[in-house]
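2 protein chains.
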Amino acid sequence: MKKAEIISVGTELLMGQVANTDAQFISALLPGAGFGVYYHTVVGDNKDRLAQCFKKALERSDLVVLTGGLGPTEDDLTKNTVAEALGLKLVIDEETVKDLENYFARSGRKMSSSNMSQAYFPEGAAILKNKCGTAPGCMINKSVNGISKIVVLLPGPPSELKPMFEDEVLPVLEKDAEEVLKSKFFDIIGVPESEVESRLSDIISGRTNPTAATYVKEGIVTVRVSACGTSDTASALIEKDAEVIRERFGKNLAGENGQSLQETVVRLCEKHKLSVASAESCTGGMISELITSVPGASNVIRSSVVVYSNEAKINILGVDPELINKYGVVSEQTALAMAERTAVLCGSDIGVSTTGNAGPGTLENKPAGLVYVGLYFRGKTAVKECLIRGSREHIRRRVSNTALNMVREAVLGIGEDNDR
Amino acid sequence: MKKAEIISVGTELLMGQVANTDAQFISALLPGAGFGVYYHTVVGDNKDRLAQCFKKALERSDLVVLTGGLGPTEDDLTKNTVAEALGLKLVIDEETVKDLENYFARSGRKMSSSNMSQAYFPEGAAILKNKCGTAPGCMINKSVNGISKIVVLLPGPPSELKPMFEDEVLPVLEKDAEEVLKSKFFDIIGVPESEVESRLSDIISGRTNPTAATYVKEGIVTVRVSACGTSDTASALIEKDAEVIRERFGKNLAGENGQSLQETVVRLCEKHKLSVASAESCTGGMISELITSVPGASNVIRSSVVVYSNEAKINILGVDPELINKYGVVSEQTALAMAERTAVLCGSDIGVSTTGNAGPGTLENKPAGLVYVGLYFRGKTAVKECLIRGSREHIRRRVSNTALNMVREAVLGIGEDNDR
Chain A
7 MKKAEIISVG TELLMGQVAN TDAQFISALL PGAGFGVYYH TVVGDNKDRL AQCFKKALER
67 SDLVVLTGGL GPTEDDLTKN TVAEALGLKL VIDEETVKDL ENYFARSGRK MSSSNMSQAY
127 FPEGAAILKN KCGTAPGCMI NKSVNGISKI VVLLPGPPSE LKPMFEDEVL PVLEKDAEEV
187 LKSKFFDIIG VPESEVESRL SDIISGRTNP TAATYVKEGI VTVRVSACGT SDTASALIEK
247 DAEVIRERFG KNLAGENGQS LQETVVRLCE KHKLSVASAE SCTGGMISEL ITSVPGASNV
307 IRSSVVVYSN EAKINILGVD PELINKYGVV SEQTALAMAE RTAVLCGSDI GVSTTGNAGP
367 GTLENKPAGL VYVGLYFRGK TAVKECLIRG SREHIRRRVS NTALNMVREA VLGIGEDNDR
Chain U
7 MKKAEIISVG TELLMGQVAN TDAQFISALL PGAGFGVYYH TVVGDNKDRL AQCFKKALER
67 SDLVVLTGGL GPTEDDLTKN TVAEALGLKL VIDEETVKDL ENYFARSGRK MSSSNMSQAY
127 FPEGAAILKN KCGTAPGCMI NKSVNGISKI VVLLPGPPSE LKPMFEDEVL PVLEKDAEEV
187 LKSKFFDIIG VPESEVESRL SDIISGRTNP TAATYVKEGI VTVRVSACGT SDTASALIEK
247 DAEVIRERFG KNLAGENGQS LQETVVRLCE KHKLSVASAE SCTGGMISEL ITSVPGASNV
307 IRSSVVVYSN EAKINILGVD PELINKYGVV SEQTALAMAE RTAVLCGSDI GVSTTGNAGP
367 GTLENKPAGL VYVGLYFRGK TAVKECLIRG SREHIRRRVS NTALNMVREA VLGIGEDNDR
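These protein sequence lines map, in sequence, to chains A and U.
Under this note's numbering, the first sequence has 42 at position 36, and the numbering climbs by one with no breaks.
Under this note's numbering, the second sequence has 78 at position 72, and the numbering climbs by one with no breaks.
Each hint can be trusted.
Identical chains share a label here; the pair holds if one copy fits it or two copies do between them.
Simulated pairs of lysine-lysine, DSSO-like, Cα-Cα distance not exceeding 27 Å:
{"hint": "1", "residue 1": "Lys-9", "residue 2": "Lys-61"}
{"hint": "2", "residue 1": "Lys-148", "residue 2": "Lys-95"}
{"hint": "3", "residue 1": "Lys-257", "residue 2": "Lys-116"}
{"hint": "4", "residue 1": "Lys-137", "residue 2": "Lys-372"}
{"hint": "5", "residue 1": "Lys-188", "residue 2": "Lys-53"}
{"hint": "6", "residue 1": "Lys-223", "residue 2": "Lys-137"}
{"hint": "7", "residue 1": "Lys-62", "residue 2": "Lys-9"}
{"hint": "8", "residue 1": "Lys-116", "residue 2": "Lys-390"}
{"hint": "9", "residue 1": "Lys-135", "residue 2": "Lys-223"}
{"hint": "10", "residue 1": "Lys-372", "residue 2": "Lys-135"}
{"hint": "11", "residue 1": "Lys-168", "residue 2": "Lys-372"}
{"hint": "12", "residue 1": "Lys-8", "residue 2": "Lys-62"}
{"hint": "13", "residue 1": "Lys-168", "residue 2": "Lys-223"}
To be clear, the hints were calculated from the coordinates, so they are not data collected in a lab.
Pulled out of the complex, with its shape left as it was, chain A reads as follows:
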């Protein structure tokens, strides 16, 4: 495997205005094209520091991907800095000039003189077209002290970077790959990380190929298994571990290979021809948003309701006001009634509901983080009490994952009955 690293340029990253999702995206794809990612570096819009980081990267890595700093504004200095460090001149590309003129004509916007800087590239670079914006990227092959290096410059906005990297960079890198690193991811829900690790200690400890490791996010423990070799060897090594993990965690295995929990739920519901509707109070639409983020969700979800106020729970959903009075809005009983009512209102097989306090502060004397998740599925019901510590955002994400997992478990129960 060759070595790669990513340098992301932008003071906005160092100021904490945005997370470095570009590096994440690229990192997930490079190993499959034969490059292991060893470092991410973020550096500001500062020529000296960028030059220093770039030279260090060029020393220790075969491929250096730079993101950001290709825009038309004054602080966009990546092309200049890289060209200078590599001893290359910047030259104008006439085709890019035409593309820019067309782009501005089409969008009816005036082209400012600063936009013309985007048509200059280090000499000899292959230009990467930008289908979603004005800043093209470029790819440079250059021998440095007798060792051939690849340098890739990509625009910072993720919506521009992603298609450019996938369509124009990755195929070029893949063509030359001999050895690749493949990874597979196994998401386990309902088991703490330390227990996952001790139950998998034989595959986690003391091996070099394949390797396995765990990490946890929003209540889901992910086991990553990675193997090196030709594409076929690597796949076979991973599959052996995959069988062990499937056998040991069974129903707690919520998704494989980066398939999100919501994707698992949509695919399972599709398979069993089941529809889902949510009735969301404290999650405010997040469960429905997660389900509809999956392409093809229209086979599974027709409608959902956000019932934030008590009146909405009563008037739109038809929850009995006596029930809310008696048990409180943050209660098992209300959650169950909401789940059943949304299934009826939306004409869905499954109804899932949330009611609770996402914080900050207390509600009906219930602490922040206390949430009830209700489930209705063809006459059967289930409810879970969650008490989650953390921010409003964290509580809502955890609760949404719990709700999606309850749908998954309910559908899986059905799946087993049918299979027998």
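Position chain U relative to chain A; hints supplied.
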């Protein structure tokens, strides 16, 4: 200003499984405590490479914050590596042992022997309690070659890192701060980045204190103005620029100082005692989710509907089926009807709707990215056609921002009338 940098440890970051939101969070807060962040580095769970990065960081920065690698698992090697590099022994902390025992007793889980490694710290370190998990952090003051350095070790999971950093680290750093860097952020919607820059060229170009720069995300251009000095001097410098920006961008200014568009909308609606309901097709609940992510949203949103299928638009919302037949579900007319109907159904002053194709693929012969956003506000209506290139996720985010901005503009119109 002193110099800081952040080293995040975790192969999962280099594999692209998660974005480095820890570095983002810390970076946003450090300048206000007198530390400028100059680098982020991500390195894998590898002792040699981590040691190398840590030594380099210690050379060039006054404060080094390390995140991740404090868990109980075998690949958690941050404490060992840092202690070794600083020439410190790891010693057991009896209070942490007690805390761990209590934590496991309370949560009814078995404490595995590997958990005990979490009670060891570099000698002399101040221990940072973990209120949301088992891995405590620590803070080390150490003189290196006669220069005093601060090293902070924090757990990787954001829900554990955030309260620990805010409650236990930041106050200590702030106490000693003489010079701070303050920043203010101005979000401009509806103006392209290059135009924002040229209209602000006098405050962006050729200055060193304050400085200003732009970046763009999901259709919103953010102008960051930063100033250095004592707390009061910095604020005054920023306020001068703020007035310029407010004057030049007026109604296109969607939010200040990191206040999100949804927060702006909630605060505006609160101020004018207006309620909002959404009827979402392609955004699937995202608008409602964004609004309810703001604490206090219950003053503004009572309910919303997700109407993904045509039947739901007709049966739940009461859109005329003839209208959908005549104009298509992806049309101005359907968007407007949805906006009006949701305002009526949810008893809200404002109704906002989305109908379109979030992709991938075509729908009713409409291309991916074509979406209509409808708005109803006390008998008046408005509609916007969006044609957005990019992923399903990107399209949904951009459309949700457009919808929120239409609500903002509608409320602002009212605000002006009242003010006169």
